[in-house]
Amino acid sequence: MNLEDAARGIEKVRKQKPLVHNMTNNVVTNFTANGLLALGASPVMAYAREEAADMAKIAGALVLNIGTLSRESVESMIIAGKSANEHGVPVIFDPVGAGATPFRTESAQAIMREVKVSAIRGNAAEIANTLGEDWLIKGVDAGEGSGDRMELAKKAAKLWDTAVIITGAEDVITDGTKTYTVGNGHQLLTKVTGTGCLFTSVIGAFCAVEKDVCHAAVSAAVFYGTAAELAAEKTESRGPGSFQIEFVNQLAAVEVMDIKERGRIREVE
Amino acid sequence: MNLEDAARGIEKVRKQKPLVHNMTNNVVTNFTANGLLALGASPVMAYAREEAADMAKIAGALVLNIGTLSRESVESMIIAGKSANEHGVPVIFDPVGAGATPFRTESAQAIMREVKVSAIRGNAAEIANTLGEDWLIKGVDAGEGSGDRMELAKKAAKLWDTAVIITGAEDVITDGTKTYTVGNGHQLLTKVTGTGCLFTSVIGAFCAVEKDVCHAAVSAAVFYGTAAELAAEKTESRGPGSFQIEFVNQLAAVEVMDIKERGRIREVE
Amino acid sequence: MNLEDAARGIEKVRKQKPLVHNMTNNVVTNFTANGLLALGASPVMAYAREEAADMAKIAGALVLNIGTLSRESVESMIIAGKSANEHGVPVIFDPVGAGATPFRTESAQAIMREVKVSAIRGNAAEIANTLGEDWLIKGVDAGEGSGDRMELAKKAAKLWDTAVIITGAEDVITDGTKTYTVGNGHQLLTKVTGTGCLFTSVIGAFCAVEKDVCHAAVSAAVFYGTAAELAAEKTESRGPGSFQIEFVNQLAAVEVMDIKERGRIREVE
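Protein chains in written order, with our numbering: chain A, 78 to 346; chain B, 78 to 346; chain C, 78 to 346.
A few of these clues could be false.
Repeated chains share a single entry, so a pair holds when one copy, or any two copies, can fit it.
[As the list claims (entries may be wrong)] Below, simulated DSSO-like cross-link-like pairs (lysine-lysine); rule was C-alpha separation at most 30 Å, straight line:
no.: 1; residue 1: K268; residue 2: K134
no.: 2; residue 1: K268; residue 2: K235
no.: 3; residue 1: K268; residue 2: K288
no.: 4; residue 1: K232; residue 2: K92
no.: 5; residue 1: K337; residue 2: K89
no.: 6; residue 1: K268; residue 2: K311
no.: 7; residue 1: K337; residue 2: K134
no.: 8; residue 1: K311; residue 2: K92
no.: 9; residue 1: K288; residue 2: K255
no.: 10; residue 1: K268; residue 2: K94
no.: 11; residue 1: K337; residue 2: K268
no.: 12; residue 1: K311; residue 2: K94
It should be emphasised that the hints constitute simulated quantities derived from the structure, not laboratory data.
Use the sequences and the hints to build the structure in full.
What follows is the structure, encoded as structure tokens:
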């Protein structure tokens, strides 16, 4: 996938306005909805087991996020995930904090076992722990585990037959066959809660309009990182509060041309 | 109701600072509380069945919103609603996403059956689906169903003996006897999540200080729309993030004079 | 504790980046996480009974907040609190709305009975009602009860053997032995939802890096109030929306020097 094609992804999202069904955590739900609205998607949140399957099947993508999980919410996510699987709706999974507690690790693994996931996005520790490998994690933030992120991503992608997105200073994106890195983004993203969770939902929006999940994720990453860079340039001297607001502005404002100018995509191997 | 009287509603809210008990969805709860605080009301959120009745009875208004409903939360809402009914506290209902899934439609209808609601606010699809009529809905956003919004509002108002507020480019407000349209507002409201939900809570604040529910809703609508217009004029070129923040500023800043200058109320028939 | 020492507290937080486990209400969860991130701490939210104990024991502080309590969430809080007690993790408690409903009052008292709390923070009505004394409360806002806030704080501190922070125009902070007032802050804090709740979590962050809880709370109060003053000076003419964003900026920006210039700490008796 070249930069030109990656940059054009946002056009499709804005044109098709896909419905993205989010089952996410209560810390980021407002920011997620506003971020998706800003970039042109149509967010919906629905958690109840009584409606999870019905909402998932009419969505363009289903996003599962265990940031503030409960036993009930994980059950609902699995119900929604199975419904999405049956109806050909891509499922994007964010195993927030996998490794931080046994309950999170087990729940992440249960979701991966029960639901066919199109893409999984996390930091290296979360992906490793979901895979059953030890990797130090501090709360829900990436720990200081060592290891090769690219090897980890490929291993996970092959084992689960899914696209894997490991975010960090540089994002690694692979479906096990093709592998990319995306170098866009900004350090201020780590100072605003939910920027990782929102990114997972943004990947969902792109997957709803682009069949190749790996390409959709690359397209989402270069768009998202460009928006962050532009927001930081406008507000860096002011602080994380101003950055967050301007980031939402930029999700609405970023054009294909901006992405083409700034995009830093590299295909590996 | 003339514009002069409608414009004065916000003065009463700011003077009396009514307690508004919100049982709302987890996407908008922070925005709702901040919006109500900004305009001068006193918000409280309380969901547990063990306290729903106790909180509702001391409130100036009770707002029920099924945006992220569960079986338990609907039960709590009905408990709170019955308590409000017993104690003469007006109940305002927002049937978010009615029609999107059977569970939402049934829950919205159960609330309307069990609780005597003073006002119901939604887009045309939500009101129609709560009424048992088909109307296309996309997630929780208004769908493209056709039909006469004014006829729908009047029909619902008469059937339920309640005020009905159908929001859209132009708001329709009726109690079945008198009917108004309010033309204030701005397209950017559709780019910020929860602006409809907050509006429902704002109607609650106005109902707490004005006995005629239809007049309270008109007063709330012209105030809310004016705030949106002023916010958009200040921030439109920047984007939805900036608009949201300025909108909260304007809820605090809008004066009776601003409303009188801009208010677009029309009595129908 | 002199101003110089109090002002230096934020340096320790920024250096150690303590993990703060928040079990808080769904109105303020995003604002709490962003506030803690801005000032340099590492927030995590985890509510499920299956993981509450595991998360609490690895945290630098545990914050319990009953703003939108349920029977289940109170049970989880007690599980987490006991785990924190066993592992020497300080527990900070915010009895939001104690006195507003019997369920809140009883739940606040149950937590105080079951968990050894290092500090409790509330307005005068909340502290009094948790203590079993009547004090008028309006929703979750401070009521107009009369009584001597300083006497109330000392009485509570001695009874519970804990630090007590009663916030208001002037904060009263005592551990029963030493007592301080902190005069920093700004009226606009009352116009943004969750500024009290976030303050409780900020006290948690300071308690994670400073053994004397009373000193940690004084240090947190003078830092927090200074950030509010600086934010208000920059945005007061614009409104509560702008103030909230700038307040987050200032939590990141405030330096020891700012606190030393503005700090208004008074030791009593």
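- When no copy is specified for K232 and K92, does a C-alpha distance of 30 Å or less occur within a copy, between copies, both, or neither? neither (35 Å within a copy, 36 Å between copies)
- Classify it for me, K288 with K255: is the Cα-Cα distance of at most 30 Å met within a copy, between copies, both or neither? within (15 Å within a copy, 52 Å between copies)
- Task: Measure nothing new, just compare the shortest in-copy and cross-copy C-alpha distances for K268 and K235 to 30 Å and report within, between, both or neither.
- Result: neither (32 Å within a copy, 39 Å between copies)
- Task: Pop the pair K311 and K92 into one bin, within, between, both or neither, using alpha-carbon distances up to 30 Å.
- Result: both (27 Å within a copy, 27 Å between copies)
- Since the copies are identical, ignore which copy is meant and state whether K268 and K134 lie within 30 Å (CA to CA) inside a copy, between copies, both or neither. Between copies only: 24 Å across chains, 35 Å inside a chain, cut-off 30 Å.
- Give the relationship of K337 and K89 under a CA distance limit of 30 Å: within one copy only, between copies only, both, or neither. within (16 Å within a copy, 43 Å between copies)
- Message: For K337 and K134, with the copy left unspecified, which applies at a CA distance of at most 30 Å: within, between, both, or neither?
- Response: Neither: 34 Å inside a chain and 47 Å across chains, both beyond 30 Å.
- Query: What label fits K311 with K94 when the C-alpha limit is 30 Å: within, between, both, or neither?
  - Reply: both (27 Å within a copy, 27 Å between copies)
- Can you tell me if K268 and K311 fall within 30 Å by alpha carbon in one copy, between copies, both or neither? both (16 Å within a copy, 21 Å between copies)
- Intra- versus inter-copy proximity for K268 and K337 (alpha-carbon distance at most 30 Å): both (26 Å within a copy, 26 Å between copies)
- Have a look at K268 and K94 and pick one of within, between, both or neither, based on CA distance no larger than 30 Å. Close inside one copy (29 Å) and across copies (12 Å); limit 30 Å.
- From the Cα coordinates, with 30 Å as the cut-off, is the pair K268 and K288 best called within, between, both, or neither? between (32 Å within a copy, 27 Å between copies)
The structure fails hints 2, 4 and 7 (numbered hints given earlier, in ascending order).
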